[in-house]
Amino acid sequence: MPPLTCELPCRRRLCHYIVGLPEDAQMAIDRLHLLHYAERFEWTRALQIPQNGIVINPRPGEVLRSLQREVRIDAVGNE
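Numbering (the working numbering), first residue to last: 2 to 80.
Among these hints, one or two may not hold up.
Unchecked claim - Derived DEER-like restraints, expressed as beta-carbon distance ranges:
(1) L36 - R13: 20 to 26 Å
(2) R41 - R12: 18 to 24 Å
(3) P51 - T6: 47 to 53 Å
(4) M28 - C7: 36 to 42 Å
(5) P10 - G62: 39 to 45 Å
(6) P61 - P10: 39 to 45 Å
(7) L5 - P51: 37 to 43 Å
(8) C7 - H34: 28 to 34 Å
(9) T6 - M28: 23 to 29 Å
No lab work stands behind these hints: they were computed from the structure.
Cβ coordinates follow ideal geometry from the N, Cα and C atoms, glycine included.
Between the sequences and the hints, there should be enough to build the whole structure, so can you do that?
Here it is, written out as structure tokens:
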């Protein structure tokens with residue numbers, strides 16, 4: 002009888018970023034929560050986007066919030 006083995010699925014990191022006005026970013030987070038995709042507490046606090054600190058060119062008042070999730074990758078290489 003062959004030994005029982007349990008292979009874990011391949012996983013890769015996937016980052017989500019929401020850029021917008023604070024209330025719009027929160028609304029998007031709330032919607033993802035209602036869809037059972039991500040818990041609200043998993044997101045970072047709102048970060049003010051500096052005018053020259055990152056590549057994103059924000060509009061006045063926009064913030065950046067991020068969440069990192071792992072997504073399952075099929076063994077064949079299809080995502």
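_P51 and L5 - C-beta distance against the hinted 37 to 43 Å_ = violated (53 Å)
_Outcome of range test on Cβ distance (R41, R12; 18 to 24 Å)_ = holds (23 Å)
*CB of L36 to CB of R13, is that within 20 to 26 Å?*
holds (21 Å)
*Falls inside 23 to 29 Å, the C-beta gap from T6 to M28?*
violated (45 Å)
_Does the beta carbon distance between C7 and H34 stay inside 28 to 34 Å, or does it fall outside?_
Given range 28 to 34 Å: holds, Cβ gap about 31 Å.
*So the hint says 36 to 42 Å: do the beta-carbon atoms of M28 and C7 match that?*
About 40 Å separates the Cβ atoms of M28 and C7, which means 36 to 42 Å holds.
*Taking the beta carbons of P61 and P10, is their distance inside 39 to 45 Å?*
holds (43 Å)
_Range agreement (Cβ of G62 with Cβ of P10, hint 39 to 45 Å)_ = With a Cβ separation near 40 Å, P10 and G62 satisfy 39 to 45 Å, so the hint holds.
*Range hint 47 to 53 Å: satisfied by the CB atoms of P51 and T6?*
holds (49 Å)
Consistency note: the structure conflicts with the earlier hints numbered 7, 9.
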